[in-house]
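Build out the structure end to end from the sequences listed, making use of the hints.
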Amino acid sequence: MATTPSPQDKVAWEPRDEMTVLNKDARRLDGPVKVTGRAVYPHDVRLPNMVYARLLVHPAPRSKLTRVDVEPARQVPGVVYAEVLKSGGEEVLYQGDDAVLAVVAAETPEAAEDGVRAVVVELEELWPPMVTPEQALADDSPKITENGNVVVAGTRGDQAEVEATLGRCDAVVEASYSLPVQHHACLETHGCVVDFDGEKATTYPSTQMVTGSTGMFARELGISRSDVRVLTPYMGGGFGAKFGIGKEGAVASEVAKALMRPVHLMLTRPQEFLMAGNRSGSKQVMKGGATKDGVFQALYVEADKHGGMGRGSLPTPPYIYDVASNASTIRQVHTATDANRAMRAPGHPQASFAMESMVDELSYAIGMDPVEFRKKNLSSEVYHRQLDRVAKEIGWAEHEHRTEPGKVDGNVRVGIGFGVSTWGSGGRPGCKCEVRIEADGSIRSSVGTQDLGTGSRTYVASIVAEEFGLELSQVEARIGDSDLPPSVGSGGSVTTGSLAPAVKDAAHNARVALCDKVAPVLECDPDELTWQGGKVYPTGEPDRALTWKEACATVGSDPLVAMGEFQPHLHQGRVHGAQAAKISVDTLTGEIKVLKMVTIQDQGIPLIRSALRSQINGGMVQALSYGLLEQRVHDADLGYMLTANLEDYKIAGVQEIPEMVAIIDDDDTRQTVCGMAEATCIPGHAAIANALYNACGVRIRDLPLSADRVVTELAKRI
Amino acid sequence: MTIDNSMQISFELNGSMRRARVEPHERLIDLLRDVLGETGTKEGCGEGECGACTVLVEGRAVNSCLFPAPEVEGLRVVTIEGLCGEGLQLSPVQAAFLEGGATQCGFCTPGMVVSTVALLGENPAPSASDIRNALTGNLCRCTGYVQIVEAIQSAAAKLSAGGEA
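Protein chains in written order, with this note's numbering: chain Z, 1 to 718; chain C, 1001 to 1165.
Keep in mind that the hints are not guaranteed to be accurate.
Said to hold, decoys possible - Pairs of lysine to any residue, SDA-like flavour, derived with a Cα cap of 25 Å:
no. : chain 1 : residue 1 : chain 2 : residue 2
1   : Z       : K650      : C       : G1137
2   : Z       : K257      : C       : G1137
3   : Z       : K596      : C       : R1132
4   : Z       : K650      : C       : E1150
5   : Z       : K593      : C       : D1034
6   : Z       : K650      : C       : D1034
7   : Z       : K407      : C       : D1130
8   : Z       : K287      : C       : E1058
9   : Z       : K24       : C       : M1007
10  : Z       : K593      : C       : F1067
Simulated from the structure, these hints should not be mistaken for lab results. Values in this document were obtained by computation on a predicted structure and should not be read as measured data.
Next up, the structure:
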């Protein structure tokens, strides 16, 4: 930074144009170990005397067990432990972690797998399997939860009043939109290593919550939380699925207690799909109305959340848009499947698809430009400028047909669609950071947070580097260890809003303390020091500078240690984004090709610009993937999941990737920090669906936008 | 009765000759990770769909989760750990991934890097289409692939100016 405000001032972020480390691209601190394969993930932990544990997860959703016999597993060479977790006489109530029937641990993974295969299971599968909403809603269906299969989650508004308003509208659209269950599909499956000696434990979970996992392992091991250490320096993706230690963590703890040996238990990919969470599906029946002046006047919604044994997620309609007359009823429809978990902006991609489709349908129905219709019904000016920006970037003004769709003529047609997003983000108390400076010039920033790939490790150092005018490479970051000062879990994009203020506070306090030591040497007031370019000098007198090392020499034999904690004024929640998609569709075959996607996203101060762009790109592609490919499928008769692997459950690969433009919204001048990654996956699939309509007049209201669905609708338009 | 079908194999791993006793059905990934301790190679799916386990066998990218360990007898295997030069000097592909910000969680990165090395070994000046085809078997859930493709293009440009992948 160029100049230093008084150290006694209230801690505040530097002006963006004076930043030398933040608000720039940065080389990730964990880049070298990740590109060389030296980063040790929980999956990779190998400890002396370690055993490998594997679970037997029965794939049927509902069954009565008559026999679970692990004796044959115990005879498998190499097996050291085999226990029944659910016995004959018990029932499996739902597919997933309730169907974990046994665990086998062995000297090698292969022996453990052989042991699992040797377990004898006899059961009676119950019918109907109750894996589809239709089965759950049938009159004579068995009850899946104590509260029944359908629970009203919330109602609001006056339906009669909405109907009356709809009667005064120039255009009314009635439509039903549906989205399938989506999987997180983290590349590293759930699991952990538990090393327990009877008194203390060191654990290595693939987790989004290093600090908070201590208590969970402590409960399972029957020891004090302070006797548990969690080490997760690296983990292979979470997206909301990895908060708790799960059944797998509980079982690993149990085996570790029994054997007093380190236990390695990672889920297989099929188990990951069966029992490690998902994004709830949704069906939303809507009736919306608009007047010719472009006002979205009324909306009535009946929505079901398909969260399996979970409650599902869906924000209350009308979501982002301003609709004066609105009413809704939202229900949970339970199936005998694994409970949904938080997944990147829980509920929002579902709400976005329905609302952005409805908004689009109304705009075309009244013959109004869909961008202008959106702006007319979004009160925040932020969205107006963001929509204009993505419209410009995608080439909307030059596009031939903006208020009516293209023709179905057997040729390839091109269309453009839009959507907007929001997310609360923000921060919360719970993070503490330690900045430690040694007399030899080493400086370390430590906090027990986690880096899911977002770049949090890097800004734990770069905020400190900015404070002292250092290069990023001069500051060491330590994270991923529960013995370090505590951190909140990483979910809901709260990490940056919670963590960065604590790091900034610690950096500020460290600078104040170091100023007090340096000032006598430079014979000036501590308030009048400038830290710049690896030097410190009395403000305005750079020729009197001390080098960083010389400054640190004033610390003495004991390190200078400063703590920082969450400072609410350094963060501000609520982010906005807009996305546009340009697609081509072959009106003969129904094949969709996404040509270009554009996202603009705000977040206050961009801490690491290159990491933000990567997050935006990743969010866009997750939305593209949800829109075009992803769909969990069950056999409705047998109840088995047909997509419990990455062959049948497709996620987007590099072949599906269009030209992508990730824009950091620099017109957002908030001098605060905020996470933003959730918002980036919200409206992309809706924008693609809207682009499809713009291209050829085909409105697909059920995801994914598969070629068979498109071609079926195309046939109706010939 | 237990029948021992295991066999002794020797092969070159990252420039060093290695011997191991393997089972007929043993997967190369398990030999590398669990027996030889080379955990840089990751397992994401166990069925050849995600590419996190990609290694080079005689210079060709293979999914080590599908490759029988006995089949490497007498062959040259290179994993992510074998790409660095002296003193962990990054190879051009690794350096391009690092400088291009092509990692997020990083679990797919070893497979991505190894697939890229195989591509550039065969085709030092790949087109955008060549890159996509070469990376088709490697999934990433975090980055959206943009910075990965840019890193590969950067590595290719450096390679065409002289150097090994």
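Right, here's what the structure says about each hint:
A threshold of 25 Å between alpha carbons decides the hint, and for Z:K650 with C:G1137 the separation of about 12 Å falls inside it, so the pair holds. As the CA atoms of Z:K257 and C:G1137 are separated by approximately 40 Å, the hinted pair breaks the 25 Å bound. Between Z:K596 and C:R1132 the CA atoms are separated by roughly 16 Å; this keeps the pair inside 25 Å, and the hint holds. The hinted pair formed by Z:K650 and C:E1150 meets the criterion: a straight-line CA distance of about 24 Å does not exceed 25 Å.
Distance check on the hinted pair: Z:K593 and C:D1034 sit about 42 Å apart at the alpha-carbon level, beyond 25 Å; violated. A distance of roughly 29 Å separates the Cα atoms of Z:K650 and C:D1034; the hinted pair therefore is violated under the 25 Å criterion. The suggested pairing of Z:K407 with C:D1130 is violated, with an alpha-carbon distance near 34 Å, which exceeds 25 Å. Between Z:K287 and C:E1058 the CA atoms are separated by roughly 62 Å; this puts the pair beyond 25 Å, and the hint is violated.
With a C-alpha separation of about 55 Å, the suggested pairing of Z:K24 with C:M1007 is violated against the 25 Å cut-off. Distance check on the hinted pair: Z:K593 and C:F1067 sit about 34 Å apart at the alpha-carbon level, beyond 25 Å; violated.
Checked against the numbered hints given earlier, the structure breaks hints 2, 5, 6, 7, 8, 9, 10 and satisfies all the rest.
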